[in-house]
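Peer 1: Using the sequences and the accompanying hints, generate a full structural model.
Chains as they are written, first to last, in our numbering: chain A, 7 to 134; chain B, 17 to 189.
To be clear, the hints were calculated from the coordinates, so they are not data collected in a lab.
Please note that the accuracy of each hint is not assured.
[As the list claims (entries may be wrong)] One side of the interface only, derived from the structure: several residues of chain B facing chain A at Cβ under 8 Å:
| hint | residue |
| --- | --- |
| 1 | Leu24 |
| 2 | Pro41 |
| 3 | Ile145 |
| 4 | Gly147 |
Where is the CB? At the ideal position from N, CA and C, for every residue including glycine.
The lines below spell out each chain.
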Amino acid sequence: MKNKITTIVFVVIFIINYETKAIEPDEILQDQILENRAKGISKELRCLVCQNEDINNSNADIAKDLRLLIRDELLNGKTDQEIINFIHSRYGDFILYKPPIRFYTIFLWVFPFIFFFSFLILFFKKKK
Amino acid sequence: MKFFFALLFLICTVYALVVGLSKNPREVPSTLINQKIPNFESISIPSKKSFDSLSLIADEVKIVNFFASWCPPCKIEHPQLMRLNHIDGVKIYGILKKDTHNSLEKFLKNLGNPYNAIVDDPKGKTGIIWGVYGLPETFIIDKRGTIRYKHIGPIMERELPKIKKIINKLHEE
Chain A
7 MKNKITTIVF
17 VVIFIINYET
27 KAIEPDEILQ
37 DQILENRAKG
47 ISKELRCLVC
57 QNEDINNSNA
67 DIAKDLRLLI
77 RDELLNGKTD
87 QEIINFIHSR
97 YGDFILYKPP
107 IRFYTIFLWV
117 FPFIFFFSFL
127 ILFFKKKK
Chain B
17 MKFFFALLFL
27 ICTVYALVVG
37 LSKNPREVPS
47 TLINQKIPNF
57 ESISIPSKKS
67 FDSLSLIADE
77 VKIVNFFASW
87 CPPCKIEHPQ
97 LMRLNHIDGV
107 KIYGILKKDT
117 HNSLEKFLKN
127 LGNPYNAIVD
137 DPKGKTGIIW
147 GVYGLPETFI
157 IDKRGTIRYK
167 HIGPIMEREL
177 PKIKKIINKL
187 HEE
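Peer 2: Structure, rendered in structure tokens:
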């Protein structure tokens, strides 16, 4: 029982902790709606230095610069898509967690399905 | 059927490995290669010659270097910039990222000044406009104001011949 409670506590701490841990207090916008939009945009963007974190969760200098830029642009009245498009135009597909479907990214999108269905077919074939 | 799936799996794996392992994940390719110089806000530094995107269209080969005195790799790179500065017809333009002017003065006094002009980037916004994500980063710009090469990280002595070759090629164009 004790072990189960410890596990649940750790999972809850992990989930709470996941949310935007690198954002510093001076970055946060007073307008809660804009702040939520900023966090939403940042979730879509990969940190170019850490590479396995979104910019909400990265302590890298560039992640902080991008978070500030996003907030500045939101205050200037830009839409979420306009901001993402601008950052994408500077850093390319790599910065997007969901890269557009192109020749070079087609395997990224298609491979999981090929993999899944291949194993599904093999699995049922074996059962027969 | 089994053979078909095995072959498909093998092709996919080999493709993923060849593409994935041939790239350096630390180097994110620039989207600005073969593009015109981006427009950026030129923030001048007292006692330093300034420049803007229009100055970079001038009919010569230019090097744009993002640097800071607090960045150790920039210190390692600096002697190479001093040597590149001696190539005829090449001007080096510096963009100082998030640094104080006092530290800049000390940095240039100790290591020499290879820069034809320097502008300030106190909030890192110019860096983002140029697609910079670390320091130092260096761009080589041709006579028509098009970005032709980007070097991520410090230019080491062993890389100088490659950089000189690119500059010479752009000179001849």
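Peer 1: Each hint: holds or not?
Peer 2: For each hint, the structure was consulted:
no., hint, in the structure
1, Leu24, "holds, 7 Å"
2, Pro41, "holds, 6 Å"
3, Ile145, "holds, 7 Å"
4, Gly147, "holds, 4 Å"
Figure legend: structure checked against the earlier numbered hints; every hint is met.
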